[in-house]
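Line order of the protein sequences matches chains A and B. Residues 63 to 650, numbered by our numbering, are exactly what the first sequence covers, in order. Residues -6 to 319, numbered by our numbering, are exactly what the second sequence covers, in order.
By construction, these hints were calculated from the structure, which means they are not laboratory data. Cβ coordinates follow ideal geometry from the N, Cα and C atoms, glycine included. Accuracy of the hints is not assured; some may be wrong.
Said to hold, decoys possible - Straight-line C-alpha distance at most 25 Å; calculated BS3-like pairs for lysine-lysine:
#, chain 1, residue 1, chain 2, residue 2
1, A, K467, A, K438
2, B, K122, A, K131
3, B, K228, A, K131
4, A, K210, A, K131
5, A, K503, A, K467
6, A, K462, A, K503
Claimed, not checked - A few chain A residues facing chain B, derived, Cβ under 8 Å:
#, residue
7, L129
8, R160
9, R179
10, F221
As the list claims (entries may be wrong) - Sample of chain B residues facing chain A (criterion: CB under 8 Å; computed from the structure):
#, residue
11, T13
12, Y218
13, N240
14, P244
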Amino acid sequence: MSATDTEAPAATLLSVQNLSVVYEPTGGEPVHAVSGATFDLGRGDFVGLVGESGSGKSTLGFALTGLSKPPARVGGGSILFNGVDIAGMSSEDLRVQRQGGFAMVLQSGMNALNPVRSIRNHFYDIFAAHGHIGRGEREARAIELVGKVELPAGVLDRFSGELSGGMRQRVSIALALSLEPQLMIFDEPTTALDVLVQHAVMNTIRELQKSEGFTAVLISHDLGMVLEVTERVMVMHNGLIVEDRPAADVLASPQHPYTRMLLSHYGDPRAEIVEVPGLAARGPKRAPEVSHLKTDFVPVSAEARARAAGTEGVQRREGRAAREAIVVSNVSKIYPPPRRGEKPVRAVNDVSFTLEPGASMALVGASGSGKSTIAKMITGVEHPTSGTITFGDLQVDRIKRRSLKRLHTEVQMVFQDPYSALNPLHTVEYTLTRPIVNFSKLRGRDARRRMLELLETVGLTPVEQFAARLPHQLSGGQRQRVVIARALASDPQVIIADEPVSMLDVSLRAGVLALLDSLRETWGVSMLYITHDLLSARLVTDQIMVLNQGAVVEEGATASVLQNPRDEYTIRLLDAIPHPTTPTPEHN
Amino acid sequence: MRFVLTKIGLLLLTLWAAVTLNFLLPRLMPGSPADAALAKLAQNGPVSPATKAAIEAQLGVPTGSMFDQYLQYLGNVATFDFGVSYTFFPQPVAGLVAAALPWTLVLVGLVTIIAFIFGTLLGVLAAWKRGTWLDTLPTVGGTFASAFPYFWTALLLLFFLGYVAGWFPTSGAYGRGTTPEFSAAFLLDAIYHAILPATTILITSLGGWILGMRSTMINTLGDDYVTFAEANGLKPRTVAIRYAARNAILPNLTSFGLALGGVVGGSLLVERVFAYPGVGYLLYTAVTNQDFPLMQALFLIITISVLLANFIVDILYGILDPRTRR
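The following block holds chain A by itself, in its conformation from the complex (with noise of 0.2 Å):
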């Protein structure tokens, strides 16, 4: 079926046959995460095991290297590892195999490490467990293993909490390679992380994988990076392998609906015609007409259109005076020292840009480039240290508390995380209803009528339907539709979307995206998206910003900026970004 079946039995290193995991809640319905997982992988092999939340693929990397923890396990089939069943292995036994067996480096390479015990403990831990490094030379090959991660030696003695998210995670690295694994499975490995960190930990997970000669499984989500990285790929949908084939075979032809699908929303910000599926760009302006929908998205169609041009918000709307701009102008914002002795941290440094009516602008940078502190000051929850911010005739950089509702009212907020931004004890309706009821004077069915139409508005239909759930009955994509809808629900001019759609599938991303450039068709609504992924930044806005250290430092149309970025930061976030349909050369 693959290509590794034709290569000599003893270069196989691990073969699975007809897997099956199996999750058994207390009181519920066992499920099937995996089923049927038949493959093979050959010593050096570099494989990429790719799928959305909910595929399956974590389960299985669990599972091939034994850490199955109730509720799941393992429901039948067999995993050979060098011809040995570690399938049914007793729990002392698969440890001690551990040791120049199989590794893990999970997701969250965060919360990784144990808070309270130094990174040199760590690697003695593991020395001590399996015996395999003697106590004379314990600490030269702690320092060579982080070494291999590029990182001094001076970790040794540090916690993890006074460690960066790349350091932790080359740690994490690290620790496995301590093992003297014969496979490494890397679940997810920098997904957690900034984007041109991630570039710089991928990069050292490929020379270590070349210089080590270990097999390795990349578990990720991001189709885009597995195709660069990888040289055969494992596409997994609802707990089945749909797809296994050499990563060029999966780019060239892609078999399976899934990932023909997966791959068709991936594209290159630089290029003169941006598209994924129900979005596209082009040319310096953005095209005005939208490509047919293939994913999630439910249009607003004419009708709902129609009937939202009679309804209380756009009556109101018109009823209103002129659309005001938000002007930031100088502004810098200065936090106080982390630690005494330390200088203070100037999050945004002289920044300003104006946000006309109805404009869409992208504010682009890597975590701590200020682009969120910017969001905060905007929204009045914080105030600059220097410069001014108005809105209309509010001076929003000295904000009082009574004129904070006036603002929110206008200034609207869609968070990055949908999981944590509803409360999950309340229904859609009561979450939507509660602004309406605050901001308008809509009340009782005025109110519910409303509620509806926000639904109806975000593509949540039958409203009635969703109306009546609870945050945990819903997807990812359609809880973030939610939190679109309650930031609607008083009206508000501009909309603040602080990565809206990062912790989403891909295949749910254009969904939410289109809903948020539509609104400003049929709402009028002005957008700051706020975000590090250049490529959704080129489909729904028409100005960007990049941001390095609290200053600009490029800016204009975001297609022009894009396609010649003169800044070098810019730059090195687009070379960040993994191009699967333009193979790029080796990075060093």
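Fit chain B to the supplied structure of chain A, relying on the hints for placement.
The following block gives chain B in isolation, referenced to the frame of chain A:
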């Protein structure tokens, strides 16, 4: 080191504030102890000037400015001069407190520490062996035992083991005929007398420690560093103790600090039931007899012990959690 110095500085500051409040509060109340005593006497008819002078001489009337009084008070506190008790006249308060304090510190303090250690260990075991009898037995048993009120358990033990069975003495810290001294016989006698009150405190407080540790430990067992430690093939014992339990104990330290602080003041009921000559019993006597000097000294001692306990826990945090050391 700087961490410890900061904490010591904070301790001294709060100590000063506590001592000052202890000085100010009685003075903010109208009148003086002498006035109170005179008012009581006045109910039975007019008080002669001689009686008045006698009472004022006995109880003392504030002289000098507020600041002079404050300085004098600070001097008295520094030399442990808390005046003379009304109830045990003319014994000085300091001597009474000094006699009661060791009994409470040893009995309640030691038992609180033992309960914390045992409860935490049982909690670790219960979480680690979740779902087995090692989990069910301490969890259910602990909940059951700590559901009884303090004094009720005390009365049950007293009645069945002390009165009915006659195995243990029913009151006091040592036998009637003996006087406190450093001898093996007296020590054994004291331990023998301490068994029932100690068991009472142990039974009622153990459950809380077990349940608290078990639930935080179950949380840390789900943390990524525990999974990662398992993925790296660490021995189960290492994972349980150095990874899961080590982190789980941190939130429980705060409750331990509160419990330690309550040792001196919170043992009132137990000491009352067992007629144990500790601080709690002394406080009970002082309150029922309106013995203000004694009360004031005891309140100060209780405050100071709470502060000291919190200081100890702060330092413990610093040792156990590198994140607090900054």
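Hint check:
| no. | hint | verdict |
| --- | --- | --- |
| 1 | A:K467 <-> A:K438 | 15 Å, holds |
| 2 | B:K122 <-> A:K131 | 14 Å, holds |
| 3 | B:K228 <-> A:K131 | 17 Å, holds |
| 4 | A:K210 <-> A:K131 | 31 Å, violated |
| 5 | A:K503 <-> A:K467 | 14 Å, holds |
| 6 | A:K462 <-> A:K503 | 23 Å, holds |
| 7 | L129 | 6 Å, holds |
| 8 | R160 | 3 Å, holds |
| 9 | R179 | 7 Å, holds |
| 10 | F221 | 4 Å, holds |
| 11 | T13 | 28 Å, violated |
| 12 | Y218 | 5 Å, holds |
| 13 | N240 | 6 Å, holds |
| 14 | P244 | 13 Å, violated |
When each numbered hint is compared with the structure, violations occur for hints 4, 11, 14.
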